[in-house]
Amino acid sequence: MHDITLPVLMLAGLLIAAVSALLYRQHRRSARQLLWATLRMAVQLTLVGLVLQALFAHTALWSVCLVGLLMMLLAGHEIRARQRYRGGWRGEWLTGLLSLSLGSMLLTLLTLTVLVQPEPWYQPRYAIPFLGMLLGNSMTGIAMTLNRIREGAFQQAAIVETRLALGEDARSASAGLRADGLRQSLIGVINMLAAAGVVSLPGMMTGQLLAGADPLTAVRYQILILLLIATATVIGSLVAAELACRQLFDNRQRLALGTFTDHG
Amino acid sequence: MLHIHSLQHALIQARDLHLDAGQGIHLQGPSGAGKSLLLRCLADLLPWQGEMELHGRSVWAQTPVQWRRQVVYCSTENHWWLPRCADHFLHDPRTDMDSVGLDPALLERAPAQLSSGQRQRLALLRALDRQPTVLCADEPCANLDDHSRARVEARLEAFVQRGGMLILTHHQKPSLPLTPWRIENGRVHHA
Numbered sequence: 009m010h011d012i013t014l015p016v017l018m019l020a021g022l023l024i025a026a027v028s029a030l031l032y033r034q035h036r037r038s039a040r041q042l043l044w045a046t047l048r049m050a051v052q053l054t055l056v057g058l059v060l061q062a063l064f065a066h067t068a069l070w071s072v073c074l075v076g077l078l079m080m081l082l083a084g085h086e087i088r089a090r091q092r093y094r095g096g097w098r099g100e101w102l103t104g105l106l107s108l109s110l111g112s113m114l115l116t117l118l119t120l121t122v123l124v125q126p127e128p129w130y131q132p133r134y135a136i137p138f139l140g141m142l143l144g145n146s147m148t149g150i151a152m153t154l155n156r157i158r159e160g161a162f163q164q165a166a167i168v169e170t171r172l173a174l175g176e177d178a179r180s181a182s183a184g185l186r187a188d189g190l191r192q193s194l195i196g197v198i199n200m201l202a203a204a205g206v207v208s209l210p211g212m213m214t215g216q217l218l219a220g221a222d223p224l225t226a227v228r229y230q231i232l233i234l235l236l237i238a239t240a241t242v243i244g245s246l247v248a249a250e251l252a253c254r255q256l257f258d259n260r261q262r263l264a265l266g267t268f269t270d271h272g
Numbered sequence: 081m082l083h084i085h086s087l088q089h090a091l092i093q094a095r096d097l098h099l100d101a102g103q104g105i106h107l108q109g110p111s112g113a114g115k116s117l118l119l120r121c122l123a124d125l126l127p128w129q130g131e132m133e134l135h136g137r138s139v140w141a142q143t144p145v146q147w148r149r150q151v152v153y154c155s156t157e158n159h160w161w162l163p164r165c166a167d168h169f170l171h172d173p174r175t176d177m178d179s180v181g182l183d184p185a186l187l188e189r190a191p192a193q194l195s196s197g198q199r200q201r202l203a204l205l206r207a208l209d210r211q212p213t214v215l216c217a218d219e220p221c222a223n224l225d226d227h228s229r230a231r232v233e234a235r236l237e238a239f240v241q242r243g244g245m246l247i248l249t250h251h252q253k254p255s256l257p258l259t260p261w262r263i264e265n266g267r268v269h270h271a
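So the sequences go chain by chain: Y and E.
The opening position of the first sequence corresponds to residue 9 in our numbering, with each subsequent residue numbered one higher.
The opening position of the second sequence corresponds to residue 81 in our numbering, with each subsequent residue numbered one higher.
In case anyone wonders, no lab produced these hints; they're calculated from the structure.
Now the in silico label distances, taken between C-beta atoms and shown as ranges: (1) E:Gly266 <-> Y:Ala183: 34 to 40 Å; (2) Y:Arg228 <-> E:His171: 56 to 62 Å; (3) E:Ala90 <-> Y:Glu86: 34 to 40 Å; (4) E:Ala101 <-> Y:Leu265: 33 to 39 Å; (5) Y:Gly21 <-> E:Pro163: 51 to 57 Å; (6) Y:Ala203 <-> E:Ser111: 55 to 61 Å; (7) E:Met81 <-> Y:Glu86: 52 to 58 Å; (8) Y:Leu53 <-> E:Trp161: 43 to 49 Å; (9) Y:Arg179 <-> E:Glu264: 37 to 43 Å; (10) Y:Glu86 <-> E:Ala185: 48 to 54 Å; (11) Y:Ala187 <-> E:Glu188: 23 to 29 Å.
All C-beta atoms, glycine included, are put in the ideal place defined by N, C-alpha and C.
All chains, please: the whole structure from these sequences, using the hints.
Set out below in structure tokens:
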């Protein structure tokens, strides 16, 4: 594979610096944010590279689990941070982690032990990228589902209460919110599947091609990962929608939006 | 019989109030006194503490859905979520439409196509469609002209005469015979 040297990266960095300078005249804050985000990205990816290098050198189940757990916790934090309306931190973490673990974690385990079967099954070269791709994508879907349901609950509180007052249970009264949240989340998944290979070459496949892999092998991996991403996102969104709708009501099935704080 | 042994909310309190089958209550009090709050507590739509019984069965011995199917709250502001008005009913309401002066053809329309007065009367029919034991009707005649108000009051009277229990808030003195309850300083009592 053609190696990317440090001067090449610095040259690419100069491009960002140049557009930031252009942006600076229009909107100073955005220019500063762009530079800061670029710096963060470079540092984060370098650290990840070092961690992966160490993991690949010493294959051990505990270290893979530890990195996996850390990734889950960070994804859970990201989900919470993207919510306009947030409940208590315990419920928020539980919702995020349960949605992520039932989707991404279980599917990663299934992929490693049944579909791909590397030797050993927790081989970090496979386990970490698979988990990362599933977590990254389902995290977005879960965050969108939660956000849409909660925003919908605040906007349509009067409708939900009318339905409760007319004798519907909480599940039925919030059915519209649940469907709306899932629809929002699935738009991204469906677009990703429909556009793959036509509008864009997915990142993983591009990476493999650049690394010199056979295109059909790269395509097979990409199809597998897209199917897994879609499944993990749907599972995660379904779990998130269920938990989010339950959190809207108290134990007497009354709308309990007072437990949420607005971070909009 | 609805028996409110005690009802405690942060803003209102009620103690030892009875409502018999075929009896109607006119809940009185100045604006902001907590009339709607009381009605929503009675329907168990807001958190409250205490004890209520309907026909000898405690509210706490029933699921909230069981309770709300008997004690139905009809809000001043009506809300709709399905495409046609008719979709919001469990039973065919056509025969009942005339009782409140509405044309049955309106049922085929979208709720947004009705006037606010028509929607208000339809919302009352929707609450009655659930065949409640207790109907908590919050200003069902607000914004109605005299003719429509008389039709709505007659419909409510028919509900009471058939053994229904009615708790009504009404900014004017209603023409139907009702027992007055009054909210003063957060306390509900017989007027």
